[in-house]
Amino acid sequence: MHEITLTVNGVVRQARVPARRLLSDCLRHDLGLTGTHVGCEHGVCGCCTILLDGEPVRSCLTFAVTVDGREITTVEGLAGPDGALSPVQRAFAECHGLQCGFCTPGFLCTATALLRENPAPTEEEVLEGISGNLCRCTGYQNIVKSVHRAAELIAEEP
Amino acid sequence: MKPPPFDYHAPRDLGSALSALAEAGTDGKVLAGGQSLIPMLNMRLAAPGHLIDINRLAGLDTVTAGPDGVRVGALARHSRVERSAEVAAAQPLLRQALRQVAHPVIRNRGTVVGSLVHADPAAELPAVLALLGGSVRLARAGERERDVAAGEFFTGPLESAAEPGDLAVSAFFPASPPRSGTAFRELARRHGDYALAGVAAVVSLGEAGEVVRARVACIGVGAVPIVVDVTSAGRPGDWAAAARAVQDRVEPEDDIHATAGYRRHLVGVLAERALGEAAREAADA
Ligand SMILES: Cc1cc2nc3c(=O)[nH]c(=O)nc-3n(C[C@H](O)[C@H](O)[C@H](O)COP(=O)(O)OP(=O)(O)OC[C@H]3O[C@@H](n4cnc5c(N)ncnc54)[C@H](O)[C@@H]3O)c2cc1C
Ligand code: FES
Ligand code: FES
Chain A
1 MHEITLTVNG VVRQARVPAR RLLSDCLRHD LGLTGTHVGC EHGVCGCCTI LLDGEPVRSC
61 LTFAVTVDGR EITTVEGLAG PDGALSPVQR AFAECHGLQC GFCTPGFLCT ATALLRENPA
121 PTEEEVLEGI SGNLCRCTGY QNIVKSVHRA AELIAEEP
Chain B
159 MKPPPFDYHA PRDLGSALSA LAEAGTDGKV LAGGQSLIPM LNMRLAAPGH LIDINRLAGL
219 DTVTAGPDGV RVGALARHSR VERSAEVAAA QPLLRQALRQ VAHPVIRNRG TVVGSLVHAD
279 PAAELPAVLA LLGGSVRLAR AGERERDVAA GEFFTGPLES AAEPGDLAVS AFFPASPPRS
339 GTAFRELARR HGDYALAGVA AVVSLGEAGE VVRARVACIG VGAVPIVVDV TSAGRPGDWA
399 AAARAVQDRV EPEDDIHATA GYRRHLVGVL AERALGEAAR EAADA
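So the protein lines, in turn, are chains A and B.
Throughout the first sequence, residue numbering follows this note's numbering, covering 1 to 158 in sequence.
Throughout the second sequence, residue numbering follows this note's numbering, covering 159 to 443 in sequence.
Treat the hints as calculated values from the structure; they're not laboratory data.
Values in this document were obtained by computation on a predicted structure and should not be read as measured data.
Be aware that one or more of the hints could be misleading.
[To be verified] Derived pair list, reagent style DMTMM-like, types lysine to aspartate or glutamate, alpha-carbon separation capped at 25 angstroms:
hint	chain 1	residue 1	chain 2	residue 2
1	A	145	A	124
2	A	145	A	125
3	A	145	A	128
4	A	145	A	55
5	B	160	A	68
6	A	145	A	156
7	B	160	B	351
8	A	145	A	94
9	B	160	A	30
10	B	160	A	71
11	B	160	B	185
12	B	160	A	25
13	A	145	A	117
14	A	145	A	76
15	B	160	A	3
Isolated chain B, as found in the complex (with noise of 0.2 angstroms):
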């Protein structure tokens, strides 16, 4: 099908793209990547009377990474991050999680924090934000830019703390400590699809090789993307306990891909491996 009509609007600075979200209230979105937008348009799921398309704004594609972590500008596409050698020095579980998100060419469009915003339950990114504890930050017509954590972005299925008005500018990956490791593991049913569940870790080892930290994130397993702290259960080379302690924190629910049983199932075998290999990699680093 065919997109409904909608007035286009196409703002040249941040300042114009606030008042035009502004205005348009409840009946604006904004348009990034248009991965997601332009087929629930396509679908009709969609109809808003206003489109921001922000495209065309200066400054919002930026890319910087440092020994606190990434920060990632509203138009920098999956791929540009991906792709990054300076990223994935930074916190490579960014690049462990974007080569799982869709295909190559969907990820030359769809931007990270369009990926944020839509608020996918079975998406990466989210879990990768919620994981390291990082933030977005929003920027409101009339009102200072102010940063929302992780923990309060993800209010649901599809469903973030940006309210309409609201232009998400850039999003926060923090670091991780010294002597860590990262690893993102999924289940789908075809290569690119959104994942029936999948497991994000990161493991960090002390001194003697004893785990200090460990924690993951379940995707396809809840209404946003799931937290979990293993640390107590975590041994170094056997992750089963903490495994466990993952299966009875999700909340998976039946559809026509898979039962609630089968992926209970499944996210205790990818965070057992997940784990294990976020451990292996933090005892290399």
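If we strip away everything but chain A, and leave its shape as in the complex, we get (with noise of 0.2 angstroms):
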């Protein structure tokens, strides 16, 4: 068993796993984050995407003793503390960017990372930014609104 320690959502969290402990299963079953979910396994959905170090990779495809001592967001860091839901968030309930919300935490964080390193994507570069999650249920269509829409939200902050 391996002693390790992540910052996760701004808050020091200690874990005592062994080796072959995947992040997702460290952040969901260790300490008890169930927003980041798992679908495949296999690097393929997307959905157990988070952020480390600021920038989105697979919790499924990353053991947790690699990463001891880095910092991870996940989608329930998204959120300000107060509660108040990030602009990324607020698109995606706007416009109906999730239905049954099995892909939405991957698809958050991907877009949270998307937007701070190219703040006005066109098309093109949503496509290719979210390429990379899937979603069984809205046809993408909204889901692409929504990191537009997102834009424009963080562009309109003070």
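From the two separate chains plus the hints, produce the assembled complex.
Rendered as structure tokens:
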């Protein structure tokens, strides 16, 4: 077993995990943060996407021990400290960018990172940016709209 | 599924990594970005007794680009190499190929050297290394580092010259001569999937615009990247004969995604387009 320390959503957390513990399972089982969803564990569906030091990565293709000491943001960490939804979350709610919500944590983390790097993406860039996330419900159109709307909301922020 | 249990090693310097690998022998595996190895562990297609995690090794996350080419260290992630303007200036084919490797999120973790060692016959980067005549530098406990040329590095599907106990420390992608252009064309069922077939091309033109050298490397149509020299068949503006020469050389197989015949057809179409694009780029260079 390995003792690891992660800063998750700004809070320092400790866990005792076997080396084979996937980061996705560490977050969900050891730390009780079940917002990160697990669909395939093959890297294909994208719903386990979290931010590692600000960069989106697949938590199902990362061992918790490998990222000992690093900073992680999960979907639970996107809203403000008072619970106010982030612009990306508001845009998804406003544009009906989700139905069952299973894929949503991954889309929100991916879109958050995408817009940080590129605050005004073109249609092409949005499609490329979310191409690694699958959704069985929405047909994607409203997700694409949500990302563009989120860019507007961020631009309007004081 | 979940990965099978293994002993975990997280060395901080190259010497300890090499001794851990030497001790583990055939039961050991290097863990770099994990974007191929962890899916294989999750699917229980691999069950190494020891994982040597190189993510904490100092000095391996280097990328150096110069007039000779680009040297990429074992911990340089796809995304970093893709974004580097110096790399794009020294060898544009790297960025052209990297944009077609998986998805942006996978490229944030995956390493260039890991893609080479993994040696998937449908992967883009082995074709780039093979086409450019690059090399992989291998280190091993108690021995001098050695460079293995691309032609000898890829030995079969998912097989490379990196033996148990070897750590690939870097790879070198040579620059192309002046008045050269490059292109990478592929077709995948879904954006970001491994390609059904793909073609990397490099074309060099002479002073009068004549073809001095034209080569392609094909993926998804053989056990290793298939390099074909089409200099004699190439005319600037007409690559149809060259494309037919490429079709004659590849060895595609049927699988659930496509028939061998379709792959052969595809490789011809992609070769004609990639060569044309590379030639146009060379003319503008
Ligand atoms: C959804 C998805 C789609 C993908 N699509 C593509 C695609 O279109 N094209 C493509 O090319 N790849 C694709 N991949 C595969 C992936 O991007 C690469 O194969 C992977 O990133 C390899 O690098 P890594 O650092 O992650 O290697 P790892 O997964 O860590 O290792 C892969 C193998 O190489 C060995 N290895 C790695 N580094 C070293 C080293 N320095 N020395 C010795 N051995 C080493 C490991 O032991 C292991 O056997 C995809 C993956 C996923 C999950
Ligand atoms: S659960 Fe990680 S990509 Fe599907
Ligand atoms: S909303 Fe149901 S999978 Fe995307």
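Evaluated hints:
1. A:145 <-> A:124: Since the Cα atoms of residue 145 of chain A and residue 124 of chain A sit roughly 13 angstroms apart, the hinted pair holds (cutoff 25 angstroms).
2. A:145 <-> A:125: holds, 13 angstroms
3. A:145 <-> A:128: holds, 14 angstroms
4. A:145 <-> A:55: holds, 22 angstroms
5. B:160 <-> A:68: This hinted pair holds, its Cα atoms lying about 20 angstroms apart.
6. A:145 <-> A:156: Distance of about 17 angstroms is within 25 angstroms: holds.
7. B:160 <-> B:351: holds, 23 angstroms
8. A:145 <-> A:94: holds, 10 angstroms
9. B:160 <-> A:30: With a Cα-Cα distance of about 15 angstroms, the restraint between residue 160 of chain B and residue 30 of chain A holds, given a limit of 25 angstroms.
10. B:160 <-> A:71: holds, 24 angstroms
11. B:160 <-> B:185: holds, 19 angstroms
12. B:160 <-> A:25: Holds. Residue 160 of chain B to residue 25 of chain A sits at ~10 angstroms (cutoff 25 angstroms).
13. A:145 <-> A:117: holds, 18 angstroms
14. A:145 <-> A:76: Distance of about 22 angstroms is within 25 angstroms: holds.
15. B:160 <-> A:3: holds, 20 angstroms
Violated hints for the displayed structure: none, as all numbered hints are satisfied.
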